[in-house]
Amino acid sequence: MNILSATGIDKSFKDSTQTIEVLRGATLEVEAGQMISITGQSGCGKSTLLHILGLLDDPDRGELRIKGASVRAKSSSAASIRNRDIGFVFQFHYLVEDLTAAENVALPLLISGQKFKDAIKEAYSMLQRLKLDERLHHYPNQLSGGEQQRVALARALITKPAIVLADEPTGNLDPANSLEVWKLMKMLNEELGQTFVIVTHDRDQAALADKTYELSDGKLHLL
Amino acid sequence: MNSTERFFISRYLHAPKRNLFRFSFIFMILGIVLSVGILSAGLNLFEGYERALKSVLLDSFAHLKVERSNGMYMQAEAVAKVERILGSQKEISSITPGIGFNVMAVDEDNTRGCIFNAYEPAQGKNPLYHKYVVKGSSRVEEGQVVIGQYLADDYRLAVGDSLRVLYPQLNRITPMGIYSGEHFLQVVGIYRSGFYEYDRGLIIGTLTDARNILFTNDLYSSVEVRLKSNSIEDVSKLAYQYSLLLGPELTVYPTVSTSLLQTITMQKWLIFIVFCFLVLIAGINVISAVITMIYDKQNEIAVLKTLGASNATIRKVINYQIYFVCLAAIIIGQAFGALLSWFVVKQGFYHLKGEVYFIDKLEHYISGFNLLVVFLVAAALTAICVWIPSRRINKLQIIDLLRNQ
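As they're listed, the protein sequences go chains A and B. Under the working numbering, the first residue of the first sequence carries the number 1, and numbering increases by one thereafter. Under the working numbering, the first residue of the second sequence carries the number 1, and numbering increases by one thereafter.
If you are wondering where the hints come from, they were derived from the structure by calculation, not from laboratory data. Be a bit skeptical, because a hint or two may be false.
[To be verified] Here are the simulated distance ranges between beta carbons: (1) B:Ile-26 / A:Asn-141: 21 to 27 Å; (2) B:Ile-291 / A:Ser-75: 28 to 34 Å; (3) B:Asn-2 / A:Gly-145: 32 to 38 Å; (4) A:Asn-141 / B:Phe-27: 23 to 29 Å; (5) B:Val-274 / A:Ser-75: 48 to 54 Å; (6) B:Asn-2 / A:Ser-125: 22 to 28 Å; (7) B:Val-274 / A:Gly-43: 56 to 62 Å.
All values reported here derive from a predicted model rather than from experimental measurement. All C-beta atoms, glycine included, are put in the ideal place defined by N, C-alpha and C.
With the rest of the complex left out, here is chain A (with noise of 0.2 Å):
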């Protein structure tokens, strides 16, 4: 089963003087517990194309379906669609500076209306497992770059979400800590199987995934 399908996505960006069309009938589907990379080079549109399948952005033209249903970003539904369903990893951790890296984790279980209590219960057992039990109650300026992205990972996994996407997961860490990461996500497809697209430029690390598409000329090819 598709947990997720987008068919024929264009998407354009205008500035004064010209429109760049970046998206130009870009079409994926990705069935559960698959893990997908998308590569290609820089400026060719793989984070655009992860923000319209993370519900961050509505394309031009054409579909995108989440669990079987057409979904848009601007819709009243998409905000907790992108609670429930979707995990999201950036470059950049994005942790909340003010909470420490348990109540990181609990946040999208907080919004979801989830008790404190339950919810940094749940987020202390999804650290337990990245193995980061040492650091449940510390800042994120207190975490090395490597940690501070497996937060961000554990807390794109505590709602348990359909997918997760990853936009440049590893693109800050150094080779070491990339690999890490990398491995873990890995293992979670593997034990879990939870379901990532993951957008790098890094083809040798691309190639850890069941299958790699390469993003040119606005249309996804796979490799």
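Here the structure of chain A is known, so what remains is to put chain B in place on it, guided by the hints.
Below, chain B without anything else, positioned relative to chain A:
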């Protein structure tokens, strides 16, 4: 407030990196503390002035006077009639017959028109003016008087000295005019009510001396009536009602100006409105702090929106954080205002001019009602200043926030 909002507020209070110490917050807090402080101090001083004036005008002297309609002196029977009829009125707290007339206080350097008031001595009780007597005694016997502080100072009189008074001898009218009489009265007490006109020119003596001066035997010039405090507002209406009860040969008129007190109350609230604009000006700093905070917290706003938080929730999280600081600043401002008004009262550089302001000493009074009004008004104004700019959060697009990082 939902669980996310409560969670953020509580974490905000415990976060190691307190937003309180942001540069824009410091100016915001200072602005609120100063403006609320000035507003509170102004209100405390005006409240003190109003209460001091009311106390002097209403507590120490009569509120109504009963006189004969033809202006002649009252016989004992007329006084008894007043006491009988008005004595049963529930609004009245005391009825005191007395004599009041004009005299001239004279020494080598000064001549001043004064009012000589004399009352029936209160049996076993201190007279009404007792609490204002600052030197000597409040009880007078024949040949003795109690005088105001300014009169004593201007005439260099102390307790035990003699005051020379001149008065027209109405029984000695000659083709050359009216002969003046002269009396020397011993000062046994000096009072200071704070009401300039009284302290400067009121002499309180005995009925015996007053009758000797006026050659009136057992007559009275008026009956002074004091009302209970909750009836003072109705003094004009009661004067009319009592006039009807006493019949046409007696007339009742109010001796306190309720319109003066109403004007002062109105003036107090006008000052309050003017000073509220100061809080509104301080609100500009609040608006600036909100905009700065939204800019600084773009990351958090992007994350919260991405994780599915509604605009309303994010707005409340930002608003409550700033609003909490504003409320704390308002409370600090009120404490500062109390301190400021206390200092203004205690300082020795400036005193009220009694001839202009009726009373010559500054007073401050911290009323619970005023504190509440200042708090509510300042809280409402700052809430508006927080709420208006925070609407920008609705317009922020996640995608723009993420791209700008």
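*Do the Cβ positions of Ile-26 (chain B) and Asn-141 (chain A) conform to the proposed distance bound of 21 to 27 Å?*
holds (22 Å)
Hint says 56 to 62 Å; check whether the CB-CB distance for Val-274 (chain B) and Gly-43 (chain A) agrees. At 59 Å between Cβs, range holds.
Review point. Lying within 32 to 38 Å: is that true of the beta-carbon distance Asn-2 (chain B) to Gly-145 (chain A)?
Key: holds (33 Å)
Does 22 to 28 Å hold as the CB distance between Asn-2 (chain B) and Ser-125 (chain A), or does it fail? holds (24 Å)
| Is it true that the C-beta distance of Ile-291 (chain B) to Ser-75 (chain A) lies inside 28 to 34 Å, as the hint says? | Since Ile-291 (chain B) and Ser-75 (chain A) have Cβ atoms about 29 Å apart, the given range 28 to 34 Å holds.
Using the C-beta atoms of Val-274 (chain B) and Ser-75 (chain A), is the stated range 48 to 54 Å upheld?
holds (50 Å)
| message | Given the hint of 23 to 29 Å, is the C-beta distance from Asn-141 (chain A) to Phe-27 (chain B) inside that range or not? | response | 26 Å Cβ-Cβ, so the 23 to 29 Å window holds.
Of the numbered hints given earlier, the model fails none.
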